[in-house]
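**Student:** Okay, here's what each chain looks like letter by letter:
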Amino acid sequence: AQSVAQPEDQVNVAEGNPLTVKCTYSVSGNPYLFWYVQYPNRGLQFLLKYITGDNLVKGSYGFEAEFNKSQTSFHLKKPSALVSDSALYFCAVRGNTGRRALTFGSGTRLQVQP
Amino acid sequence: EPEVTQTPSHQVTQMGQEVILRCVPISNHLYFYWYRQILGQKVEFLVSFYNNEISEKSEIFDDQFSVERPDGSNFTLKIRSTKLEDSAMYFCASGGEGSEQYFGPGTRLTVT
Numbered sequence: 090a091q092s093v094a095q096p097e098d099q100v101n102v103a104e105g106n107p108l109t110v111k112c113t114y115s116v117s118g119n120p121y122l123f124w125y126v127q128y129p130n131r132g133l134q135f136l137l138k139y140i141t142g143d144n145l146v147k148g149s150y151g152f153e154a155e156f157n158k159s160q161t162s163f164h165l166k167k168p169s170a171l172v173s174d175s176a177l178y179f180c181a182v183r184g185n186t187g188r189r190a191l192t193f194g195s196g197t198r199l200q201v202q203p
Numbered sequence: 311e312p313e314v315t316q317t318p319s320h321q322v323t324q325m326g327q328e329v330i331l332r333c334v335p336i337s338n339h340l341y342f343y344w345y346r347q348i349l350g351q352k353v354e355f356l357v358s359f360y361n362n363e364i365s366e367k368s369e370i371f372d373d374q375f376s377v378e379r380p381d382g383s384n385f386t387l388k389i390r391s392t393k394l395e396d397s398a399m400y401f402c403a404s405g406g407e408g409s410e411q412y413f414g415p416g417t418r419l420t421v422t
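Chains S and E, in that order, give the protein sequences.
This note's numbering numbers the first residue of the first sequence as 90 and each following residue consecutively.
This note's numbering numbers the first residue of the second sequence as 311 and each following residue consecutively.
Calculated directly from the structure, the hints in this document are not laboratory data.
There could be a bad hint or two in this list.
Taking CB as the label site, the calculated pair distances span [said to hold, decoys possible]: (1) LEU177(S) - LYS393(E): 24 to 30 Å; (2) GLU363(E) - ASN157(S): 25 to 31 Å; (3) PRO312(E) - SER92(S): 29 to 35 Å.
BS3-like, lysine-lysine: derived pairs with alpha carbons at most 27 Å apart [what the hints assert, rightly or not]: (4) LYS393(E) - LYS352(E); (5) LYS147(S) - LYS352(E); (6) LYS138(S) - LYS367(E).
These numbers were taken from a predicted model, which means no experiment stands behind them.
For glycine and all other residues, C-beta sits at the position ideal for the given N, C-alpha and C.
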């Protein structure tokens, strides 16, 4: 069975500082990893994905994520946080078999203070 | 930019009633999904649909649930006889040949 852990319910960071939102995963075979963001009263918005290749992947709005196979982690990062980045962030995983169902983490609320 | 749309945004129904949640996926996508999120809990996979049939389903997706793509554009989720525990936000998603899924804004279902 596949699973995702997001160990922090909330991350607080000051505007302009770097941010990290943590994610670890468990899946059979090679992972397909995703980050989604959810703003209030909105759906899940795709940010970025890792399938294969370079361990550092870049996505929308200046976000990037680093895949670490040995630590089974896929942490979301941004060099300089904006107040508008405040939202709920979800990490998701699926295996590289024919199954496409995503398994989500419990979400991390990012609060960026001005 | 194309997006997934869902109607209604909020549905209130009485226990035992049937509900149909509607989605319009992105037009050239081939894979369609339903997920749900009970308040305060994780987003959970319900079902995926490809080539006019269910390709995967979770344990949650029991005989009370069904999906349909009636006209080549809409994708619906029917709950035959709603229970209190069906109250949740239901998200539709669609995807092309790439691996990412694009989600709609959700339908909040409240069963009273």
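**Student:** Go through the numbered hints given earlier and state which of them the structure violates, listing their numbers in rising order.
**Tutor:** 2
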